[in-house]
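Line order of the protein sequences matches chains A and B.
Under the numbering used here, residues 522 to 629 are what the first sequence spells out, in order.
Under the numbering used here, residues 4 to 219 are what the second sequence spells out, in order.
Keep in mind the hints are simulated off the structure, nothing from the lab.
One or more of the hints may lead you astray.
[To be verified] Below, simulated EDC-like cross-link-like pairs (lysine to aspartate or glutamate); rule was C-alpha separation at most 20 Å, straight line:
hint : chain 1 : residue 1 : chain 2 : residue 2
1    : B       : K32       : A       : D603
2    : A       : K578      : B       : E167
3    : A       : K629      : B       : D164
4    : A       : K579      : B       : D145
5    : A       : K626      : B       : D164
6    : A       : K578      : B       : D145
7    : A       : K626      : B       : D145
8    : A       : K545      : B       : E88
9    : A       : K562      : B       : D33
10   : B       : K74       : B       : D145
11   : A       : K622      : B       : D33
12   : A       : K629      : B       : E167
13   : A       : K571      : B       : D166
[Claimed, not checked] Output of the computed footprint for chain A on chain B, the stretches with three or more beta carbons under 8 Å from beta carbons of chain A:
hint : region
14   : 72–80
15   : 152–165
16   : 180–194
Just so it is clear, CB atoms sit at the ideal spot from N, CA and C, and this is done for glycine as well.
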Amino acid sequence: MNKLVISLALALATLPLFAATSIKATVNGMVCAFCAQGIEKRISNMPATKAVFVDLKKKTVAIEAKEGQTLDGDAITAEITDAGYAVVKLETVQKSIEEIKAEVKARK
Amino acid sequence: MSGRLRDTVLGCLAFAIAPLAFCGPMGFKDSWMAMGDFSPNWQEAFANYALTPRDALGASTLYMRSDDESKSRQLVDVTYTRLVERWNLPQAQANVWFLGGLGSVSGNDFGGSKLMASPGIQVDYETIRFYGSATARLYRADGINHDYASARLGFSFYEVDYDEIQPWLVVEARRMAGLSDKTEVTPMLRLIHNRFFLELGVNNSAQGRVNFMYIF
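Generate coordinates for the entire structure from the input sequences, incorporating the hints supplied.
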């Protein structure tokens, strides 16, 4: 019975309908929080953005989409480029910003 | 070694060891940046607006005074900043900047005002823990030459997360022709937190100094 409940819970957790979608961008040149302010501000102003998280140590920027909206990878790349940095990789992950932050905190 | 020679050697050494300081002299596209650099002999306030990721227009006011306090200058100018080249590396960033100014200078040893041009170049290299830069700038008007050079080298005490205050130790050496025969050396504590950048130091003439930058 317990196994069934756990399996059901896992299956529900991975349903795309309910999972938060985020894009993780790996960014070259992002070495200073002061200078990287532009990334956060520009991406926060995008209509589909729910939350932004900058990880200086891993050189990544994570952007969570608002529910029911899709993030545009090309537009995110353009905003980061306009902020003065170079995007070298984009990946979509089924995680919220809070979950990504929790992972970073757990690494410490 | 004479004092002047020693100062020259120290100044050159500072340039030589600086891989090439300050965070960039402009913000990101469509942003305003305000900057200030205040000490008894050098008081500068500067603001610019980034029209593109590489170009910013602004205005500045600069008060300069000689070491013996007998001579002073007041410059008010419009400025143009250009990011000439940027290298975004996996663990570092390097930049070449053009700094330009055109305005009016007045002084206590001549009447009226003169047109002053101040073209310059800055190169910098930065990682999450290391910072180096060098700046050379001409300050020229009819019969006036206050050419300026500075070099900065610094390190961060430790790595921080994006939303934490990051402390640095930065040492700057700078010279200005026609107003000072000394190389001014200033160790400074730099604090960076989000959009605010602050430096506090005391130079080798026991004068305090405050620098700040803020992005809007």
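Checked hints:
1. At roughly 6 Å between alpha-carbon atoms, K32/B and D603/A fall within 20 Å of each other, so this suggested pair holds.
2. At roughly 12 Å between alpha-carbon atoms, K578/A and E167/B fall within 20 Å of each other, so this suggested pair holds.
3. Of the pairs offered as hints, the one joining K629/A and D164/B holds, with about 11 Å between alpha carbons and a cut-off of 20 Å not exceeded.
4. For the given pair, K579/A sits about 52 Å from D145/B by alpha-carbon distance, which is inconsistent with the 20 Å threshold.
5. Between the alpha carbons of K626/A and D164/B the distance comes to roughly 10 Å, so the proposed pair stays at or under 20 Å and holds.
6. Annotation: proposed proximity of K578/A to D145/B is violated, straight-line Cα distance about 50 Å (limit 20 Å).
7. For the given pair, K626/A sits about 60 Å from D145/B by alpha-carbon distance, which is inconsistent with the 20 Å threshold.
8. Proposed proximity of K545/A and E88/B is contradicted: the alpha carbons are some 27 Å apart, above 20 Å.
9. For the hint linking K562/A to D33/B, the alpha-carbon distance of about 11 Å falls within 20 Å, and the restraint holds.
10. Distance restraint check for K74/B and D145/B: the Cα-Cα separation of roughly 16 Å lies within the 20 Å cut-off, and the hinted pair is therefore satisfied.
11. Among the hinted pairs, K622/A with D33/B is inconsistent with the structure: their alpha-carbon atoms are about 29 Å apart, more than 20 Å.
12. Distance check on the hinted pair: K629/A and E167/B sit about 14 Å apart at the alpha-carbon level, within 20 Å; holds.
13. A threshold of 20 Å between alpha carbons decides the hint, and for K571/A with D166/B the separation of about 18 Å falls inside it, so the pair holds.
14. Judged by the Cβ-Cβ criterion of 8 Å, the region 72–80 of chain B is not covered by chain A as claimed, because only 0 of its residues qualify and three are needed.
15. Taking a C-beta to C-beta cut-off of 8 Å, the region 152–165 of chain B contributes 4 residues in contact with chain A, enough for the three needed, and the coverage statement holds.
16. Figure legend: the region 180–194 of chain B, annotated as covered by chain A; annotation inconsistent (0 residues with Cβ-Cβ distances under 8 Å, at least 3 required).
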